[in-house]
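K.L.:
One-letter residues, chain by chain:
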Amino acid sequence: MNRNVVISFGLHAFLVIITAMSLPFLAKKPIDLPPIISVELIQITDKTNIPFAPKAKKIIEKIKEKEKKLVSEQAPPKMVKKEKQDSIPLPDEKIKKIKEIKEEKQNPEKVETEIKQVSEFEKKDLFDTSSISALIDKSKVENAETNKKTDKITQDQDEKIDFGGLSLSEEDALKAQIFGCWSIPLGLPYSKNLLVRIKLQLKPDGSIIQSEILDHARMNKPGQEFYKVLAESALRAIKLCQPLRVPSTGYEKWKELQLNFDAREMLEG
Amino acid sequence: MLFRYLLIVLIILPIKAFALIEVDITRGNLNPLPVAVSPLSIDEKSKSNFKKILKKEDLGSEISAVVENNLRQSGLFNPLNKNAFLQKPDIANLKPRFEDWNLIKAQALITGKVTFVDEKLRVEFRLWDVLAGKEMMALAFTTVPSNWRRVGHIITDKVYQRLTGEDGYFDTRIIYVSEKGPKTNRIKKLAIMDQDGFNNKFLTLGNELVLTPRFSPTNQMVTYLSYFRNLPRVYLLDIETGMQEVVGDFPGMTFAPRFSPDGKKIIMSFAKDGNSDIYTMDLENRIVERITNHPSIDTSPSYSPDGKYITFNSDRSGYQQIYVMNSSGKNVKRISFGNGIYGTPVWSPRGDLIAFTKLHKGKFYIGVMRTDGTGERLLTENFYQEAPSWSPNGRVLIFYRETKTNSKGEGFSAKLWSIDLTGYNEKMVNTETDASDPSWSSLLSN
Chain B
1 MNRNVVISFG LHAFLVIITA MSLPFLAKKP IDLPPIISVE LIQITDKTNI PFAPKAKKII
61 EKIKEKEKKL VSEQAPPKMV KKEKQDSIPL PDEKIKKIKE IKEEKQNPEK VETEIKQVSE
121 FEKKDLFDTS SISALIDKSK VENAETNKKT DKITQDQDEK IDFGGLSLSE EDALKAQIFG
181 CWSIPLGLPY SKNLLVRIKL QLKPDGSIIQ SEILDHARMN KPGQEFYKVL AESALRAIKL
241 CQPLRVPSTG YEKWKELQLN FDAREMLEG
Chain H
1001 MLFRYLLIVL IILPIKAFAL IEVDITRGNL NPLPVAVSPL SIDEKSKSNF KKILKKEDLG
1061 SEISAVVENN LRQSGLFNPL NKNAFLQKPD IANLKPRFED WNLIKAQALI TGKVTFVDEK
1121 LRVEFRLWDV LAGKEMMALA FTTVPSNWRR VGHIITDKVY QRLTGEDGYF DTRIIYVSEK
1181 GPKTNRIKKL AIMDQDGFNN KFLTLGNELV LTPRFSPTNQ MVTYLSYFRN LPRVYLLDIE
1241 TGMQEVVGDF PGMTFAPRFS PDGKKIIMSF AKDGNSDIYT MDLENRIVER ITNHPSIDTS
1301 PSYSPDGKYI TFNSDRSGYQ QIYVMNSSGK NVKRISFGNG IYGTPVWSPR GDLIAFTKLH
1361 KGKFYIGVMR TDGTGERLLT ENFYQEAPSW SPNGRVLIFY RETKTNSKGE GFSAKLWSID
1421 LTGYNEKMVN TETDASDPSW SSLLSN
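Note that the protein sequences, when read in sequence, are chains B and H.
The numbers in the first sequence follow our numbering, run straight up by one, and end at 269.
The numbers in the second sequence follow our numbering, run straight up by one, and end at 1446.
It should be emphasised that the hints constitute simulated quantities derived from the structure, not laboratory data.
Just so it is clear, the structure is predicted and the values come from calculations on it, not from any experiment.
Every residue, glycine too, gets a C-beta built ideally from N, C-alpha and C.
Fair warning: there could be bad hints in the mix.
To be clear about the criterion: a stretch of chain B counts as covered by chain H if any three or more of its residues have a C-beta under 8 angstroms from a C-beta of chain H, and this derived list gives those stretches [to be verified]:
hint, region
1, 169-179
2, 205-215
3, 218-231
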């Protein structure tokens, strides 16, 4: 009898302990939720990136090149870490030179954000209005696409995010560059469906290996003069812009790009 | 197992790898396209021949100057300064060194050659895409030497068409009422000139008052209104032959005769029994047909380019507004609903817009709206301006603008102005005298 009581007591005690141990985990879950949201925010900021990131990248690349020349050909090609580079035995004057260049051209904050993973608060500080507008623009496009098309698109978009899409800031940098180069033919009628899709093959430095108009057959069809004019203007823009402002990394992702030139918004506006 | 796994990976990998990144380019710059207009090359023999006939030192440069001026006036192109050109015209015409033209930021290049062949002027020209490094177009014209300005206009039309996709409007003429003298005693003559203001000619002597000349959309005929012994008469004038005829005497006030799109009818308004309505007249049999029958004042009719509709203004709603109806006069619909008074509606040759004059709070506006009255856009505002007329491609409007007189009655002037649909490229058109009531011809080379 006593034995049974002891077993029962032991099992009950075991259950109480298990419950006591597992309940706090259950209770913690909602507490864990905010960090998930904040993670999303971080992801977005990563995608949007800070507006001067491309500039910083450029500067880093420049410095890389200079350092390559100054230090040796065996200098690490990708990661730029100041301390390590400084520690490489160099003549004092050369070290000074590098430092001077960094001080003149680089905003130290910018470089930090580019190289290191800064904390969430720092990122929030760097998040400016232009990147907000970029976010809004992007969401507009995405919304429009999802409204028009089926679930396939969402999958594609997921693929973009997960596998190989440009980040919003990278896309914005590329767009901004082409906006400046593209002289829109003003005589085009805005009622017509004029969308020119051009597939590009790019070199790692952003220069163009090959450009191909995807609806090339339309170019020489009678009655498609406006399309031809638009396609030619788009090709001119690409040639004028090259080398394109592409990300410094992930060449495999963007070595092939499709640019969709659509002048309707401008012509209507 | 490992083999299976590898197989799956190999199948999935290419799908992932081919996920092409797409970037939508929805904005660009609306700056005029930089174009280099190289002087047309000319050999010494041809140069001296043309110098004898036309008194022009270098006809090649003169023609390229016409092209350059046209392109600049259009507002869509930015002809680059010739001093920056690195390549000589004769070599550029054979094979341009695209790097040189790229260096001065030219996106398109025009080259050409002028020769004197069998007492005639032969001009060949080429349009090059500088960035693509290829020829876009090559054409040659032969004509009498005195037509050299028209050759410049035709070249501009071809270049404009190739680079914008729409027809040009440079090889055209403008008919207008030339005005001289004090405001109270103006001498008004009918005059015609090229669209760039050159080759001005007076068609009437100024003895009679002339009003509202209008070009036929199909040929070089003009209809206008003139007062003979204080009675309005509608005239028909053939610009090519100079032949003029009276189409008819009409009772009371007659307004603004205008051709139908096929050029076979004239549409106008006149007052019969004290009531202004819209009428058409068949030019072959001279039969007059009444189109509107309303106690209000209906004036300023203008056909749509397909001839199916007519726009006009009427005060049937209390104020003068714009209406659209079938060409038979049925289905009358008011399309202007904004504040103010609307008048002189003119249907665009493209068919998509109606241009009008608007009076609101003492200011005159030239504007456009869609044919259903939506999308009203006011292009220009001034003290007094009216009578818009479309360029044949429906991109530019020409109208006239009057200035205020001072307390002594001085300072009055009337000039022609043009503005394109963007509302930005507003320019005064040079005329020898004061000018009003312009009308744009169709393309001469058609």
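K.L.:
Establish whether the coverage given for the region 169-179 of chain B by chain H is satisfied; the threshold is a Cβ-Cβ distance below 8 angstroms, and no fewer than three residues must meet it.
P.N.:
holds (count 5)
K.L.:
Closer than 8 angstroms, Cβ to Cβ, for at least three residues: run that test on the region 218-231 of chain B against chain H and report holds or violated.
P.N.:
Satisfied; 5 residues make the cut.
K.L.:
Do at least three Cβ atoms from the region 205-215 of chain B come closer than 8 angstroms to Cβ atoms of chain H?
P.N.:
violated (count 0)
When the structure is compared with the earlier hints, a violation turns up for hint 2 alone.
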